[in-house]
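J.: Here the protein sequences line up with chains A and B, keeping their order. Following the numbering used here, the numbering of the first sequence begins with 1 at its first residue and continues without gaps. Following the numbering used here, the numbering of the second sequence begins with 1 at its first residue and continues without gaps.
Hints are computed from structural coordinates only; laboratory data are not their basis. All C-beta atoms in this analysis are idealised placements derived from N, C-alpha and C, irrespective of residue type, glycine included. Warning: the hint list may mix true and false statements.
[As the list claims (entries may be wrong)] Across the chosen pairs, the derived CB separations fall in these ranges:
1. A:Ser355 - B:Lys25: 50 to 56 Å
2. A:Asn294 - B:Lys25: 41 to 47 Å
3. B:Lys25 - A:Asn357: 29 to 35 Å
4. A:Lys482 - B:Lys105: 30 to 36 Å
5. A:Asn364 - B:Lys105: 23 to 29 Å
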Amino acid sequence: MKDVYNKLLRISNKQTSVSNPFLDSIQKSIAIGSWEIDLQTMEISWSPMTKFIHEVAEDFTPNVEEALNFYEEGYHRDLISVLFDKAVNNGEEFDEEFLFRTAKNNLKWVRSIGYPVIENNKTVKILGVFQDVTEKTNTYKELEYQEKLISTTLEHAPNGMALVGLKGEILQLNKKFCDYLGYSKTELMLTNVNRLSHPDDINIIPIHINEMINGEKDHFECEKRYQKKDGSIIYCLLSVSIIRDEANQPLHFISNIIDITKSKEANKKIESLLQTTKSQNTRLQNFAHIVSHNLRSHSGNLEMLLELMSDEIPESTQNEFFPLINEAVNRLSETILNLNEVANINTKKNQDLESNNLLDFTNNALSTFRAEIIETKAKINIEIHNNIEVLAIPAYLESVLLNFISNAIKYKKEDIDPVINIHAEKENNYVKIKIEDNGRGINLDLHKDKIFGLYKTFHNHKDARGLGLYITKNQIDAMNGKVEVTSKVNIGTTFTIYLKHEAN
Amino acid sequence: MKQINSVCLIDDDPILIFAIKMIFKASKVCKNFTVYNNGEDAIDGLSQTLASGKDIPELILLDINMPIMDGWQFLDEFAKMTISKKITLYMVSSSVDPVDFMKAKEYELIKDFIVKPLTSDTLIKIAEDLNSN
């Protein structure tokens with residue numbers, strides 16, 4: 001620009017006017033105009049290029065005020081006024097970029113340069129150069145914006161990012177990267193990124209790096225441990241991309257790391273918990289089997305010996321003790337059998353369920369209780385459509401129905417004949433089976449939480465053993481079903497069983 | 001009732017052996033018993049009997065859980081022996097584990113799986129079945 005000015009000055013000194021065919025052609029080719037103001041006459045002259053940039057007619061001749069008014073009001077106009085004053089009064093040169101509004105109201109960026117010409121310590125005229133820099137400025141501003149965007153993104157990214165050279169040297173990195181590894185930015189700049197790796201994980205990367213440099217891939221991801229400055233380890237998810245130039249030659253890598261230490265550690269904890277739970281569960285199941293099996297052989301022997309004794313030495317039974325011992329042994333055997341049952345339900349859980357006709361099963365269950373029904377004068381109402389099928393393990397379905405029906409009869413009110421309503425209907429994915437009685441009821445306020453618990457009895461009935469509902473609940477669970485209970489003391493109990501049905 | 005010549009009991013439980021002997025003796029089903037306390041003793045004893053040209057018992061009651069060689073291992077060894085005579089074998093166990101039931105069904109040698117406690121009714125039924133064949 002200085003050269004152009006010198007040339008301009010030389011030409012201007014020879015010529016009185018800035019308008020000169022030779023100069024004009026130069027101006028046109030470099031999109032630079034010139035201007036001149038004679039401070040004695042306050043006469044302004046613009047070269048055709050200057051007029052072109054201003055978008056004014058060729059015969060346009062501005063005065064000073066008009067010329068200044070092209071500059072955008074506010075900062076830009078104030079600035080040019082100050083600079084112009086300084087050039088006039090102090091002989092100071094200026095060279096600035098301004099926002100500028102043309103005669104056709106287009107906004108442009110212009111570079112305006114002013115050179116005061118001084119004679120006898122006084123500025124007599126100012127020669128100027130005028131250039132349209134809109135495109136350059138816009139591109140520059142755009143670039144500046146992009147750069148700012150990238151650097152802001154990099155700096156405030158929630159994960160660690162680094163620009164890494166082809167040999168592994170860190171060229172640029174963000175705060176998070178430093179934070180993760182506990183180093184300062186200056187400590188890490190130009191350090192080889194491999195130095196930060198956990199020694200055992202150092203071999204993960206080179207193969208991928210080579211493949212990327214060879215152009216086999218542009219990106220890879222892996223889990224990798226890094227060693228922090230204080231020696232502690234962090235687990236990271238590393239993602240590396242390669243950047244290439246126009247000729248497809250590798251330039252550098254962008255490494256992105258996310259600290260996954262916390263989730264990794266949480267995962268480890270969960271895994272070890274799961275492992276513990278699994279082995280505990282297996283041990284518990286084995287324990288249940290062993291205990292129940294061993295107990296069973298002993299109770300079986302006791303039963304057998306008592307039977308033998310009563311056959312072989314009948315007189316030995318003629319006392320108060322024998323029947324009691326016999327009773328105790330029978331109870332023991334039954335309890336052990338039930339425990340076995342419970343232990344087995346848990347092993348059956350994954351067994352395939354099959355479709356069973358609910359009405360058939362209900363009728364079969366009821367026929368088991370023929371004697372009790374007659375004896376108690378129980379009235380049984382069944383409302384089950386004969387096409388309702390439930391997904392169940394047959395033995396469990398039978399056991400569940402037997403148990404609820406038996407309870408309904410067993411826990412009848414002393415003075416009232418039992419009425420039992422058994423009703424089934426489809427509800428969404430389930431068949432809902434309601435077994436309603438008018439028996440003694442259960443105080444749910446007291447027993448709600450333990451009604452399906454092990455060894456809980458709620459009545460003083462002589463046959464109440466407290467295992468039935470526990471087993472029943474386990475069996476229903478094993479068939480992916482659920483059970484609910486509503487009950488009022490002295491009014492009755494309703495058990496609602498939900499079992500899945502074959503999806504249509 | 002026709003008598004059974006000899007019954008082989010393979011069980012490590014002296015109470016059970018005592019009781020079976022007593023029931024069979026009392027019902028006059030059988031007087032001769034061969035008792036082994038584990039599968040290995042049984043295999044050794046039965047092989048020796050066979051080698052000496054004597055008859056082996058026609059009824060075997062076999063327990064599952066025994067030390068040294070259990071009921072299943074005994075069955076695998078027993079299947080390898082060449083026996084011309086028909087032997088009836090019952091598995092007798094306190095196990096109510098369905099796995100054991102299923103496994104017992106896979107052995108052709110096993111006539112039935114009897115869950116303890118053994119009662120005199122069961123034992124007499126076994127003897128009757130054996131004689132009716």
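J.: Confirm or reject each hint.
T.: Against the structure, the hints come out as follows:
1. A:Ser355 - B:Lys25: 50 to 56 Å: Taking Cβ atoms as reference, A:Ser355 and B:Lys25 lie about 52 Å apart, which means the hint holds.
2. A:Asn294 - B:Lys25: 41 to 47 Å: violated (28 Å)
3. B:Lys25 - A:Asn357: 29 to 35 Å: violated (50 Å)
4. A:Lys482 - B:Lys105: 30 to 36 Å: Holds, at about 34 Å.
5. A:Asn364 - B:Lys105: 23 to 29 Å: With a Cβ separation near 25 Å, A:Asn364 and B:Lys105 satisfy 23 to 29 Å, so the hint holds.
Hint check: violations occur at hints 2, 3; the rest are consistent with the structure.
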